[in-house]
Structure formats: structure tokens, C-alpha cells
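Engineer: Protein chains in written order, with numbering that gives the first Met the number 0: chain H, 0 to 134; chain G, 0 to 290; chain X, 0 to 261.
Simulated from the structure, these hints should not be mistaken for lab results. A virtual CB, placed ideally from N, CA and C, is assigned to each residue, including glycine. A couple of the hints might just be wrong.
With a straight-line cut-off of 16 Å between C-alpha atoms, the simulated EDC-like cross-links for lysine to aspartate or glutamate are [what the hints assert, rightly or not]: (1) X:LYS218 x X:ASP257; (2) X:LYS236 x X:ASP225; (3) G:LYS249 x G:ASP216; (4) G:LYS236 x H:GLU119; (5) G:LYS97 x H:GLU19; (6) G:LYS184 x G:GLU221; (7) X:LYS139 x G:GLU108; (8) H:LYS16 x G:ASP50; (9) H:LYS16 x G:GLU221; (10) X:LYS139 x G:GLU114; (11) G:LYS285 x G:GLU269; (12) H:LYS118 x X:GLU112; (13) H:LYS111 x G:GLU201; (14) G:LYS236 x H:GLU115; (15) G:LYS11 x X:GLU119; (16) X:LYS139 x G:ASP106; (17) G:LYS92 x G:GLU114; (18) H:LYS118 x X:GLU119; (19) H:LYS7 x H:GLU60; (20) H:LYS118 x X:ASP257; (21) X:LYS79 x G:GLU108; (22) G:LYS72 x G:GLU114; (23) H:LYS15 x G:ASP49; (24) H:LYS16 x G:ASP49; (25) X:LYS79 x G:ASP106; (26) X:LYS79 x G:GLU114; (27) G:LYS11 x H:ASP87; (28) X:LYS161 x G:ASP36; (29) G:LYS116 x G:GLU126; (30) G:LYS210 x H:GLU42; (31) H:LYS16 x H:GLU64; (32) G:LYS15 x H:GLU119; (33) H:LYS111 x X:GLU127; (34) G:LYS15 x X:GLU119.
Label-pair ranges, simulated between beta-carbon atoms [unchecked claim]: (35) G:LYS26 x H:LYS15: 31 to 39 Å; (36) H:ILE104 x G:ILE53: 14 to 22 Å; (37) X:TYR29 x G:SER112: 33 to 41 Å; (38) G:GLU67 x X:SER249: 39 to 47 Å; (39) H:SER134 x X:ASP144: 28 to 36 Å; (40) G:SER112 x H:LYS16: 24 to 32 Å.
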Amino acid sequence: MPVKITPKTVNTDFIKKLEELSGQNIHLCMQCGTCSASCPMSENMEFTPRKVMHLAQFGLEEGLEDVNTCKVCASCHSCTVRCPRGIDIARVMEALRQMILRKNINFVEPSKIPAETIKELPPIALIAGFRKLTS
Amino acid sequence: MKIKYYPGCTLKSKAKNFEDAAIASLKELDIELEEIDRWNCCGVVYSLADDDLIHMVAPVRNLIRVKEQGGDKVVILCSMCYNTLSRANLLMKEDEEKRNTINSFMDEEIDYSGEVKVLHLLTFLKEEVGWDNLREKVSNPLKGLKVAPYYGCTLQRPREVGIEPLGSFELMTEFLEALGADVVKFSAADLCCGSYQVVGNEGVVLDASAKILNIADSEKVEALATSCPLCEFNLGKRQGLLMEEKKIKKEIPTFYFTQLLAVALGIDPEVCRFDLNASASLELLKTRNYS
Amino acid sequence: MAEKSSKQAPRVATGDRAILPEGASTIPVYVMGKKYEVPESLTIMKAMEFVGFKFIRGAGCRGGICGACPTVYRKAGDYKIYFGLACQTVVEPDMFLAQIPFYPANRAKFDMETIEPTAEAIHALYPELFRCVACNSCTKACPMDVDVLGYISAMKQGNIAKAAEISFDCIQCGLCASRCMGELPQYHIGQLARRVYARYIQPKADHLRKRVEEINSGKYDKMLEDLVAMSKEELEKHYTEREREPDLASPGEWKPQDTQYL
Numbered sequence: 000m001p002v003k004i005t006p007k008t009v010n011t012d013f014i015k016k017l018e019e020l021s022g023q024n025i026h027l028c029m030q031c032g033t034c035s036a037s038c039p040m041s042e043n044m045e046f047t048p049r050k051v052m053h054l055a056q057f058g059l060e061e062g063l064e065d066v067n068t069c070k071v072c073a074s075c076h077s078c079t080v081r082c083p084r085g086i087d088i089a090r091v092m093e094a095l096r097q098m099i100l101r102k103n104i105n106f107v108e109p110s111k112i113p114a115e116t117i118k119e120l121p122p123i124a125l126i127a128g129f130r131k132l133t134s
Numbered sequence: 000m001k002i003k004y005y006p007g008c009t010l011k012s013k014a015k016n017f018e019d020a021a022i023a024s025l026k027e028l029d030i031e032l033e034e035i036d037r038w039n040c041c042g043v044v045y046s047l048a049d050d051d052l053i054h055m056v057a058p059v060r061n062l063i064r065v066k067e068q069g070g071d072k073v074v075i076l077c078s079m080c081y082n083t084l085s086r087a088n089l090l091m092k093e094d095e096e097k098r099n100t101i102n103s104f105m106d107e108e109i110d111y112s113g114e115v116k117v118l119h120l121l122t123f124l125k126e127e128v129g130w131d132n133l134r135e136k137v138s139n140p141l142k143g144l145k146v147a148p149y150y151g152c153t154l155q156r157p158r159e160v161g162i163e164p165l166g167s168f169e170l171m172t173e174f175l176e177a178l179g180a181d182v183v184k185f186s187a188a189d190l191c192c193g194s195y196q197v198v199g200n201e202g203v204v205l206d207a208s209a210k211i212l213n214i215a216d217s218e219k220v221e222a223l224a225t226s227c228p229l230c231e232f233n234l235g236k237r238q239g240l241l242m243e244e245k246k247i248k249k250e251i252p253t254f255y256f257t258q259l260l261a262v263a264l265g266i267d268p269e270v271c272r273f274d275l276n277a278s279a280s281l282e283l284l285k286t287r288n289y290s
Numbered sequence: 000m001a002e003k004s005s006k007q008a009p010r011v012a013t014g015d016r017a018i019l020p021e022g023a024s025t026i027p028v029y030v031m032g033k034k035y036e037v038p039e040s041l042t043i044m045k046a047m048e049f050v051g052f053k054f055i056r057g058a059g060c061r062g063g064i065c066g067a068c069p070t071v072y073r074k075a076g077d078y079k080i081y082f083g084l085a086c087q088t089v090v091e092p093d094m095f096l097a098q099i100p101f102y103p104a105n106r107a108k109f110d111m112e113t114i115e116p117t118a119e120a121i122h123a124l125y126p127e128l129f130r131c132v133a134c135n136s137c138t139k140a141c142p143m144d145v146d147v148l149g150y151i152s153a154m155k156q157g158n159i160a161k162a163a164e165i166s167f168d169c170i171q172c173g174l175c176a177s178r179c180m181g182e183l184p185q186y187h188i189g190q191l192a193r194r195v196y197a198r199y200i201q202p203k204a205d206h207l208r209k210r211v212e213e214i215n216s217g218k219y220d221k222m223l224e225d226l227v228a229m230s231k232e233e234l235e236k237h238y239t240e241r242e243r244e245p246d247l248a249s250p251g252e253w254k255p256q257d258t259q260y261l
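Whole structure, please, built from the sequences with the hints as guidance.
Structural biologist: Structure, rendered in C-alpha cells:
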């Protein structure tokens, strides 16, 4: 998917919000791709973490809302501990998630999960899952 | 000796085997796990958004319970609870502004500033019992059992709360060696099983878990030792489904490290609740005559 | 209803026939933002009736047990939110209050006859349970001093008995649900825990089972038929001359003269 970047598409408010929420300077990213290589979920992501960091640097909020990267991230911190620039990428992913969740959007609907699934899942899965994937 | 203990929700239900095996084993080692009174769920995952302090309240409240009940240390078995409580503890110790906000929000509780030491059971065993002492108490060594330590994400990451440095798996390796097992060097020991995504993206988790199990198979691992009920679910309980979907070729038994401890200490297998593990786990113990 | 009989203070009969003594003073309270002078020592409910409110909704037993009159209030110069039952809480000067007679909270559909008596079954009916963040706002809101976070934690831990025990004093007023960040209907979850506990888990009282069998077998039918056949006079005589157990008799010490039904 080609992404068009013009001065108009750069949303500086979005960059500012992302940096505030994550506490990270996303401009430190040098696009080495260590995060993507470390990520156990990247095969199932529409954009790899590296690409997400790149789009974030250009403030492409709309483009980022539509990709599943932050929704698939399992907060395993593999990227965080390996980033040569010291960026806590797990926090950037959390900030992206929160920016969507805080619009009162849920990634999973607790009331729609089948009863059998809930009975089978351990509480630890439901608590963590709802914490990360519901608003 | 008595030590304050925080169980966590899952150890009281689906992972009762994790807890029961620990309590019985520690009793054998003359240690009593003293469950803290009025504890609540820690929230499992540590909040990563900078302004999200409300999710710190759950873990901090538990640390306050330890403090008000006279404890200066708390032992945790579940690696996700360990991670969340450790990180919240660190925040309360180091970030004055956030500490003040959290303390003033919890105006019904005593103030807290990171006084309690949060310990994972493996660290506690090494420091308080010692591997040599443990080895002496082993009456049923797990000779010939090729076990790999599986740390998952939360025992080592992030660095500041890891039970040992990144990439080092000494703690559980030495523990398993003390139990008499043949510890296998496992290259997927800190690979993520997919964690809570089992709620939202089941397929992704099946792939991630299958990857770990296939690496284990190729590295001749006979059993995995875990410290996390979510890893145990994704890697253990889901093996039937993974076989059905042909994502793995062979089932690999998974155990909580406390269950292996109990078996090595000669504790009645009934106590370890192997019925809660995936079926392959119990079969392995039976064929090896450990139970 | 206010009857002015002294210069300073009103002499009033409130909704509950209490007459205020001479010289009783009044205090200002704010009901939904509007200031009223009400006699001190009244409960919120009586004070509201005193100033002219009529309860169509939000008043029930007036005895602190039905949970119909939960009230939220603040005090001047204090950031805290206070909670109470209007029929039990006494007014204070400069109290800012409003009643919350109803707060929406979904109650799951279940069949008591077929529900599995397991924590998992309750989890499946209320998965939002796992959204609790332990903020404790529920416990702070409870007018019955129930440890709401305590029973929600117990239910998360799969301990139905503990949840039933801790939530026992709940009167289903709904204030907990009104304050919940995780959007849980706590009081419905507690109620389900108590029902499942009572129906399936709690040991059954053996004497109750025996007595029910006796009743069903017709052991007491004649006694009732005799009573039904009595005239009003006979019935009154029978009542006034009834045998009574002495108030302080220790258990098993006293027996009636007529033992045919024991």
C-alpha cells in the first residue's frame, strides 16, 4: 500500500500526543528494523513495528488507526529491550492503542465472547485481554 | 520461616496446581507461605501509558496490604503478577509526583513509597534456601528428564524488574539441576507465547505458541517448566487444538516449576493437581515412574 | 403541614408523626442545588418531605433495608463524595444532596435450576467482572459498608463462598455500579454468588428438611384444622392462654406441656 506524505498529512498534534502518552521520543528511531525482527507477532501484523514508527514520525494518524499492529501487539517488550536507540516501543504501541480505546472503541466485546470460551480461558487471560483491548 | 505471599487470581482457580504444589513443597523446606489478607487482582498487565495512573492502583493496593500487615517482602509465583507488582513498586519508589497522586487517590489507605521488596519464588529459593540445600532435600531426583526452562516475557523484561539479566536463564536452570533434571538449553526460552491476545486474536496466539513448541521439539526438549498460568494455557492446554490444526507435530508436556519441585521432593502427586495440566504432562511422569 | 407555634422555631409534624420540640433550630441543606431550611435531626428523607417533596420513587421500607433511597451528597468545603440511605442518614448543615433511586445495571439471565454451581458459570454470565481495576470506588460508595471490592476480588478468584459471605449485607441499592470505572454491575454479581452458594454449595440444614417432610406428610394438618374450626372467642382465649417459652431459657431446657407435635 503506497503511503502519500505531504506537509498537509503531517499531524503534529498527533505526534505530540503520542510522545506525551508514551513518554518516548519517536524521532530517535533510525529505522533499523530490530523491533520488527524481534517481534513474535510481526508476521500477523499489517505493518511491522518499524513501519509503524516511521508513519508515526510523519504524524500519519489516520493511516495508523487502520492498521492492526497495536491491536496485535502482546506487550512482550522484546522490541523495547533490543532497540539500539533506547526507545520503549511497547509504550509507543500502548499509546497508539490508548488513543483509539479512549474514543470508547473496544477491540473485543466482552459481552459477545461465547460463554464456553470464557469458561475455558483462565482469569489471567481475560483480565489482561480486557485491560489491553477494551476501553 | 514464614514469608508473605501474594497468589493472584488464576492461582486460586485454573492454576491451583501451581499454588498447591508450591505450598506443599515449601512446607517440606520448612517455609510457610503466608497469604496476605484482603488482596485483590493486580490487573495482570502493567500500564504503559504515561498518564494512566488508575491502573497502578490495583498492584499498589496489594503492596500496601503487605506493608500494613507487617511485611517487608512478598513472594510471588505467577510471573505476570510478579512483573506488575515489581514495576508498580519501582514507580512508587522512584517517581515522586506519581507516587503522591496515587497515594492521594487512595485516601482510604496508608501511604506507600515502595518499602516492600517484591520477590519471585525462584529468587527467594536461591537466596533463602540455596541450591545446595535444595539438592540435599531432593528424594526423587528427576534423573534423565530433559527439561527446558521457559521464562516467557515477564520474568526478564523489562530489564529493571527482570529476575536475572536478559538472555541468562541461570536461575531456573540451576533450580532444575538441583532437582536432578537434565536441563536443555532452549533457544525459545524468552519468546512470547502471544499472551492475552488469546482473547482478541486467537489465531495469532496459536501461531506464536506453535513456534515455541516446534523449537522445543527440534531441540529435543521433553518437558517445559513455566512460571505463568497464561503461558501454561497457551503452550500447554492448547496443544490438543494445535495438534488438530496440524500446527505442531508432537505434544510437549508443560509443568509449573513448583510441580517439578514437589515431585522431586517426593510429595504425593495428588497434591500437585496434575489433572489441571494438559494430559501429556501426567503421562510423562507416569512413564518415567516419577509419580 | 408546618404549624408555627413559637417565635423562633417551627413546630412541625413530619411525615412520620414526630413533633419537633420547642426551640428546635433549622439548618440549610441543598436538594438538587436548591436551598431549603430544614429542622436538624431529621433524616434526609424526612427533611425532603418537610420541604414538600413527595416520594413516588426512591422510598420503600424507610427502615434502611430495601435499598430504594440511595443518596449522594457532598459537604461544603470538602472534596469527598458521601453516600447514604435517605431514610437513615441525618441531615447536616450545608449538605448538597440528590437521590439516585435507580441506576441502570444489567442483570444476566440465568435459570437457577440448571446453572452450574461454578465460578466459571458466573464468569460467563458477567465477563465484565474482569474489567475491575481495584479502584475501590464501589466500597467507598456502599451505604451498608460492604467490602464491595472484596467480594468482586473473591469472585475473580473463583471463590463463590467468600463472595457470598462478604456481600451478605448488600441491599441492591446500586451505588457501587454508579461509581464503577470498569462498568460492572457489582450488586447483581454478588446476588448471583449468594444464590448459587445458597442453592448448591452451602451445607443444607438437616432439621429443615425433616420439618418439611413432616409438614408434607400431614403431621400438622389436624392442628391447623382445629384452629380453623375455632370461633373468634375460642381463638382469642387460645391465644391469650398460650404457653410461652421463658425469655431466657437456654436451648433444650424448656418443653411445652403438650408434646404431641414435637
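Engineer: Hint by hint, note whether the structure agrees.
Structural biologist: Results of checking the hints against the structure:
Distance check on the hinted pair: LYS218 (chain X) and ASP257 (chain X) sit about 15 Å apart at the alpha-carbon level, within 16 Å; holds. A threshold of 16 Å between alpha carbons decides the hint, and for LYS236 (chain X) with ASP225 (chain X) the separation of about 14 Å falls inside it, so the pair holds. With a C-alpha separation of about 7 Å, the suggested pairing of LYS249 (chain G) with ASP216 (chain G) holds against the 16 Å cut-off. Taking the CA atoms of LYS236 (chain G) and GLU119 (chain H), the gap is about 10 Å. The hint holds against a cut of 16 Å.
Proximity of LYS97 (chain G) to GLU19 (chain H) is assessed by CA-CA distance (about 15 Å); at most 16 Å being required, the pair is judged to hold. Between the alpha carbons of LYS184 (chain G) and GLU221 (chain G) the distance comes to roughly 12 Å, so the proposed pair stays at or under 16 Å and holds. Under the criterion of a C-alpha separation no larger than 16 Å, the hint pairing LYS139 (chain X) with GLU108 (chain G) is consistent with the structure, at around 12 Å. Restraint check for LYS16 (chain H) and ASP50 (chain G): satisfied, since their Cα atoms lie roughly 11 Å apart, inside the 16 Å limit.
Taking the CA atoms of LYS16 (chain H) and GLU221 (chain G), the gap is near 48 Å; set against the 16 Å cutoff, the hint is violated. Proximity of LYS139 (chain X) to GLU114 (chain G) is assessed by CA-CA distance (about 26 Å); at most 16 Å being required, the pair is judged violated. Of the pairs offered as hints, the one joining LYS285 (chain G) and GLU269 (chain G) holds, with about 13 Å between alpha carbons and a cut-off of 16 Å not exceeded. A distance of roughly 19 Å separates the Cα atoms of LYS118 (chain H) and GLU112 (chain X); the hinted pair therefore is violated under the 16 Å criterion.
Proximity of LYS111 (chain H) to GLU201 (chain G) is assessed by CA-CA distance (about 15 Å); at most 16 Å being required, the pair is judged to hold. A C-alpha spacing of about 15 Å is found between LYS236 (chain G) and GLU115 (chain H), which places the hinted pair at or below 16 Å, so the restraint holds. Between LYS11 (chain G) and GLU119 (chain X) the CA atoms are separated by roughly 12 Å; this keeps the pair inside 16 Å, and the hint holds. Note on LYS139 (chain X) and ASP106 (chain G): the hinted pairing holds, with a Cα-Cα distance of about 10 Å set against a maximum of 16 Å.
Restraint check: the Cα-Cα separation between LYS92 (chain G) and GLU114 (chain G) comes to about 8 Å, which is no more than 16 Å; the hinted pair holds. Restraint check for LYS118 (chain H) and GLU119 (chain X): satisfied, since their Cα atoms lie roughly 5 Å apart, inside the 16 Å limit. The suggested pairing of LYS7 (chain H) with GLU60 (chain H) holds, with an alpha-carbon distance near 12 Å, which does not exceed 16 Å. For the suggested pair LYS118 (chain H) and ASP257 (chain X), the alpha carbons sit about 56 Å apart, so the restraint of at most 16 Å is broken.
Our distance criterion of 16 Å between C-alpha atoms is met by LYS79 (chain X) and GLU108 (chain G), whose separation comes to about 15 Å. About 9 Å separates the Cα atoms of LYS72 (chain G) and GLU114 (chain G), which keeps this hinted pair within 16 Å; it holds. Between LYS15 (chain H) and ASP49 (chain G) the alpha-carbon distance is near 13 Å, which keeps this suggested pair within the 16 Å criterion. For the hint linking LYS16 (chain H) to ASP49 (chain G), the alpha-carbon distance of about 11 Å falls within 16 Å, and the restraint holds.
A distance of roughly 10 Å separates the Cα atoms of LYS79 (chain X) and ASP106 (chain G); the hinted pair therefore holds under the 16 Å criterion. For a cut-off of 16 Å, the pair hint linking LYS79 (chain X) to GLU114 (chain G) is broken: about 28 Å separates their Cα positions. The suggested pairing of LYS11 (chain G) with ASP87 (chain H) is violated, with an alpha-carbon distance near 33 Å, which exceeds 16 Å. For the given pair, LYS161 (chain X) sits about 13 Å from ASP36 (chain G) by alpha-carbon distance, which is consistent with the 16 Å threshold.
About 13 Å separates the Cα atoms of LYS116 (chain G) and GLU126 (chain G), which keeps this hinted pair within 16 Å; it holds. About 12 Å separates the Cα atoms of LYS210 (chain G) and GLU42 (chain H), which keeps this hinted pair within 16 Å; it holds. Restraint check: the Cα-Cα separation between LYS16 (chain H) and GLU64 (chain H) comes to about 14 Å, which is no more than 16 Å; the hinted pair holds. Restraint check for LYS15 (chain G) and GLU119 (chain H): the C-alpha separation of about 15 Å stays at or below 16 Å, so the hint holds.
In summary, the hint linking LYS111 (chain H) to GLU127 (chain X) is supported, as the alpha carbons are separated by about 11 Å, within the 16 Å threshold. For the hint linking LYS15 (chain G) to GLU119 (chain X), the alpha-carbon distance of about 14 Å falls within 16 Å, and the restraint holds. Hint check: LYS26 (chain G) to LYS15 (chain H), Cβ distance near 56 Å, so the stated range 31 to 39 Å is violated. The hint said 14 to 22 Å for the Cβ distance between ILE104 (chain H) and ILE53 (chain G), and at roughly 19 Å that hint holds.
Checked against the given bound of 33 to 41 Å, the beta carbons of TYR29 (chain X) and SER112 (chain G), roughly 39 Å apart, stay inside it. Look at GLU67 (chain G) against SER249 (chain X): about 41 Å separates their beta carbons, and that is inside 39 to 47 Å. Take SER134 (chain H) and ASP144 (chain X): their Cβ atoms lie about 31 Å apart, and the range 28 to 36 Å holds. Range check, SER112 (chain G) to LYS16 (chain H): about 30 Å between beta-carbon atoms, so the 24 to 32 Å window is met.
When held up to the earlier numbered hints, the structure conflicts with 9, 10, 12, 20, 26, 27, 35 and fits the remainder.
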